[in-house]
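Chemist: Chain residues, written in single-letter form:
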Amino acid sequence: MAFLELNGVSKSFGHAPVLRGLDLSIEEGEFVAIVGFSGSGKTTLINLIAGLLRPNTGSVRLDGREITGPGPDRGVAFQTYALLPWLTVRENIALAVDSLFPDWPASKRRAHVDRHLAMVNLAAAGDKLPRQLSGGMRQRVSVARALAMDPRILLLDEPLSALDALTRGTLQNEIARIWAADRKTVVLITNDVDEGLLLADRIIPMTPGPGATLGPEVRVTLPRPRDRRELNHNPEFKRLRASVTTWLLDAAARRKATSPGRVPAPPCLTPIAIN
Amino acid sequence: MNLLRRLIAFCETTGLTLFVPVLRLCLGEEPRRQLGALGRIAGLPLVGAAVFLLAWSAVASDVKTSIGALPGPVQVWEQAEGLVKEHLAERARERAFYARQAEIKVRYEKAFPGRHWAERKYSGAPTYLDEILTSLETVFAGFLIASAIAIPIGILCGLSETFFNTVNPYIQLFRPVSPLAWLPIVMILVSALYTSKDPLFAKSFVSSAITVALCSLWPTLVNTAIGVGSIDPDHLNVARVLRLSWWVRLRKIVLPSALPFIFTGLRLSLSVGWMVLIAAEMLAQNPGLGKFVWDMFQNGSSQTLALIMVAVFTIGIIGFILDRLMLTLQQLVSYERSAKR
Chain U
1 MAFLELNGVS
11 KSFGHAPVLR
21 GLDLSIEEGE
31 FVAIVGFSGS
41 GKTTLINLIA
51 GLLRPNTGSV
61 RLDGREITGP
71 GPDRGVAFQT
81 YALLPWLTVR
91 ENIALAVDSL
101 FPDWPASKRR
111 AHVDRHLAMV
121 NLAAAGDKLP
131 RQLSGGMRQR
141 VSVARALAMD
151 PRILLLDEPL
161 SALDALTRGT
171 LQNEIARIWA
181 ADRKTVVLIT
191 NDVDEGLLLA
201 DRIIPMTPGP
211 GATLGPEVRV
221 TLPRPRDRRE
231 LNHNPEFKRL
241 RASVTTWLLD
251 AAARRKATSP
261 GRVPAPPCLT
271 PIAIN
Chain A
1 MNLLRRLIAF
11 CETTGLTLFV
21 PVLRLCLGEE
31 PRRQLGALGR
41 IAGLPLVGAA
51 VFLLAWSAVA
61 SDVKTSIGAL
71 PGPVQVWEQA
81 EGLVKEHLAE
91 RARERAFYAR
101 QAEIKVRYEK
111 AFPGRHWAER
121 KYSGAPTYLD
131 EILTSLETVF
141 AGFLIASAIA
151 IPIGILCGLS
161 ETFFNTVNPY
171 IQLFRPVSPL
181 AWLPIVMILV
191 SALYTSKDPL
201 FAKSFVSSAI
211 TVALCSLWPT
221 LVNTAIGVGS
231 IDPDHLNVAR
241 VLRLSWWVRL
251 RKIVLPSALP
261 FIFTGLRLSL
271 SVGWMVLIAA
281 EMLAQNPGLG
291 KFVWDMFQNG
301 SSQTLALIMV
311 AVFTIGIIGF
321 ILDRLMLTLQ
331 QLVSYERSAK
341 R
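Residue numbers (the UniProt record's numbering), protein chains in the order written: chain U, 1 to 275; chain A, 1 to 341.
Hints in this document: simulated from the structure, not taken from any laboratory.
Quick reminder that beta carbons are idealized off the backbone N, C-alpha and C, glycines included.
Errors might be hidden in some of the hints.
[To be verified] Label-pair distances were calculated between CB atoms; the ranges are: (1) U:Glu28 - A:Leu250: 51 to 59 Å; (2) U:Pro225 - A:Asn168: 38 to 46 Å; (3) A:Gly316 - U:Ala165: 52 to 60 Å.
[Claimed, not checked] Incomplete in silico selection of chain U near chain A, CB under 10 Å: (4) Phe37; (5) Leu62; (6) Pro70; (7) Gln79; (8) Tyr81; (9) Ala82; (10) Leu87.
[Unchecked claim] Chain A stretches covered by chain U per the calculated footprint, using a threshold of three residues with CB under 8 Å from any CB of chain U: (11) 193-203; (12) 250-256.
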C-alpha cells in the first residue's frame with residue numbers, strides 16, 4: 001500500500017461534479033506534480049487530501065488510515081497564502097509552532113521558527129506584516145509555515161501561479177533546494193508544465209472539469225539538480241514537455257467535443273414566407 | 001522635520017484633517033496644493049458658518065414667540081458665557097464654603113475637645129458644566145452595558161448559524177423600538193428590582209443608562225455578527241489545519257479579523273446612545289443635559305430659548321467629539337491602517 005492513496009474519489013458540489021473516479025497513489029518521499037487547466041478541480045483535490053473537504057464516494061488514505069479531517073500531518077501552502085494580516089511573519093509561523101508543539105520549551109519553539117524563516121530566506125523580514133511583503137515573500141512565509149508544522153506530506157496549491165516569471169523562477173529553485181534537503185513527500189498543484197518538469201519525480205495531468213479525472217502519469221527521470229537553462233536544450237525535457245502538453249490539449253479538445261453544455265446550439269432557422 | 005511628519009500622521013489618524021495642510025505647508029510641500037486644501041477644509045466651512053450666522057441673526061428678531069423674540073447668535077453666545085460664569089461662581093462659593101467649614105471645625109474642636117464635628121456637604125445646585133459631566137457619565141455607563149451585551153452575542157451570531165437564526169427575530173423585533181417606549185418599562189423594573197438602602201447609583205441614572213444601552217446595542221451587535229461572519233474562509237482553514245482550540249481560534253483569528261467591524265459598530269452605537277440619552281434624561285429626570293433642556297422648557301423665562309440653543313450646540317459639539325474619538329480608535333485597530341505606518 002502506498003503512502004498516500006486515493007481510491008475512486010468523486011466530489012461534487014450540489015449537482016456539479018468536480019472530480020470523478022479519481023485514483024492516485026504516492027510513495028513516501030516522492031515529489032508529485034499535478035498539472036491541469038485552471039478550473040479543473042485541482043484545489044478541490046488538494047482540499048480532499050488536506051481533509052478540508054470529504055469525498056462523496058471513494059477514500060483518501062494516508063499511511064493506510066482514512067483521512068477524516070484536516071490535521072497538521074498535512075501541511076498546506078494555500079494558493080492565497082492565507083497569512084493572518086494582523087500578525088507579523090514570525091507570529092504567523094509561531095502560531096503554527098506554538099499550537100502544534102506546546103510541550104516544547106519556548107526557546108526551542110523560537111529556534112524552530114527562526115530556522116524555517118532562514119530556510120525560505122526571510123530571516124530579516126520576521127517582524128514585518130504580510131501587507132508589507134511582496135507576493136513572492138508572502139508565498140515563502142506560507143511555505144515556511146507549512147514546513148514548520150513538520151508535516152508528513154506537504155501540499156502546495158498553485159504556490160507560484162500569482163507571481164511574476166522572475167520571482168517564480170527564484171522560488172522554484174528554493175523549493176527544489178528545500179525538498180532536496182529533507183525529501184518530504186510533496187504534492188504540487190500547478191498549471192505550468194515546465195514547473196512540474198523542473199521539480200517533480202512524476203507528473204500527472206488532469207483532465208479539464210467538470211467531472212475531472214487524472215490522466216496517464218509521466219515519470220521525470222531528468223537528473224537533479226535540474227538547471228532551468230540547461231533543461232531548455234535537453235531533448236528528454238523537450239520530449240516530456242511535448243507529451244504532457246499534447247495530452248492536456250487533446251483532453252481539452254475531447255472535452256469540448258463531448259461536453260453537451262459547451263456546444264453552441266445551432267441557430268434556429270425557420271423559413272419565412274416571402275410574398 | 002521628523003516630528004512634523006509624525007504630527008501629520010497623528011492628525012490623519014485622529015481626523016484632525018484641518019491641520020494636515022498647515023503642517024505640510026511648514027514642511028514646504030507643494031504650497032499651492034496645500035493652500036487649496038486648506039481653503040477646502042477650513043475656508044468653505046467658515047464661509048458656510050458666516051452665512052448661517054448672518055441669516056440666523058437677520059431672521060431671529062422677526063420671529064415672535066410667547067416668550068419673546070427668537071434669540072440670535074449674540075444672545076445665545078451671551079447665555080453660554082453666562083453659564084460658564086455661573087459655573088465658576090458656584091465653584092468659588094463651594095470653595096469658600098469648605099474653607100469656612102474647615103475654619104469652624106478647628107475652632108469647634110478647640111472649644112469642645114473630644115467632640116466630633118460632623119462635616120456637611122456643600123449643597124449647591126449642579127451647574128451647566130456639571131450637567132454635561134453627568135450626561136457623559138450616563139452615556140458611557142449605557143455604552144459599556146451595551147458593548148458588554150452586544151459583542152459576545154454578536155460573536156456567537158457570527159460563529160453559529162443556529163444561534164443567529166434563533167436570535168435574529170428578536171433582534172429585528174427590538175431594534176426599531178424607540179427609547180421612549182423602553183423607558184417606562186425600564187423605570188418600573190428598576191424601581192422594583194434595584195432596591196437598596198444606600199444605592200451606589202441613583203435610580204434615574206440606572207434607568208437612563210439601561211435605556212441608552214437597550215437602544216445603542218444594536219449597531220454593535222449587527223456589525224460584530226457581520227464581521228465575525230465574513231472572516232476569510234482561508235483563515236478558518238488555517239485554524240482547522242492547525243487544529244486550534246475554540247478559544248485560541250477566537251482570540252487569534254476571529255477577534256482580530258472582526259475588530260474593525262466591531263469598532264465601526266461601537267462608533268455607531270455611541271452616537272445612537274448620545275442621541276437617546278437626551279430623551280431618556282428628559283423623561284427619567286436624571287440630572288444631565290436632557291433634564292436641563294426640560295427644566296428650561298418648563299420655567300419659560302425670557303432666556304429659555306437661548307439657553308436651550310446653548311444646550312443644542314453643546315449636544316452637537318460633544319456628539320461630534322465623541323464620534324471623532326471613536327473614529328480614531330477605529331482607525332487604530334484596523335490592521336490595514338496599522339500596517340501602513
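Chemist: Identify whether the interface hint at proline 70 of chain U stands, where standing means a beta carbon of chain A within less than 10 Å of its own.
Modeler: holds (4 Å)
Chemist: Hint check: is the beta carbon of glutamine 79 of chain U less than 10 Å from a beta carbon of chain A?
Modeler: Holds, because the Cβ-Cβ distance from glutamine 79 of chain U to chain A comes to roughly 9 Å (cut-off 10 Å).
Chemist: Is it true that proline 225 of chain U and asparagine 168 of chain A lie within 38 to 46 Å of each other by Cβ?
Modeler: Since the Cβ atoms of proline 225 of chain U and asparagine 168 of chain A sit about 59 Å apart, the hinted range of 38 to 46 Å is violated.
Chemist: Taking the closest Cβ pair, is leucine 62 of chain U under 10 Å from chain A?
Modeler: violated (14 Å)
Chemist: Let's test the interface hint: is any C-beta of chain A closer than 10 Å to that of alanine 82 of chain U?
Modeler: holds (4 Å)
Chemist: Holds or violated: the hint that phenylalanine 37 of chain U contacts chain A, with Cβ atoms closer than 10 Å.
Modeler: violated (22 Å)
Chemist: Cβ-Cβ distance between glycine 316 of chain A and alanine 165 of chain U: within 52 to 60 Å?
Modeler: holds (58 Å)
Chemist: Identify whether the interface hint at leucine 87 of chain U stands, where standing means a beta carbon of chain A within less than 10 Å of its own.
Modeler: holds (8 Å)
Chemist: With 51 to 59 Å as the target window, see if glutamate 28 of chain U and leucine 250 of chain A comply at their CB atoms.
Modeler: violated (37 Å)
Chemist: If you count the residues of the segment 250-256 of chain A with a beta-carbon closer than 8 Å to a beta-carbon of chain U, do you get 3 or more?
Modeler: holds (count 3)
Chemist: Can you confirm whether chain U covers the segment 193-203 of chain A, using C-beta to C-beta distances below 8 Å and requiring at least three such residues?
Modeler: violated (count 0)
Chemist: So, as I understand it, the hint says tyrosine 81 of chain U touches chain A; can you test that by seeing if any CB pair is closer than 10 Å?
Modeler: holds (8 Å)
In this structure, the earlier hints numbered 1, 2, 4, 5 and 11 are contradicted, and the remaining ones agree with it.
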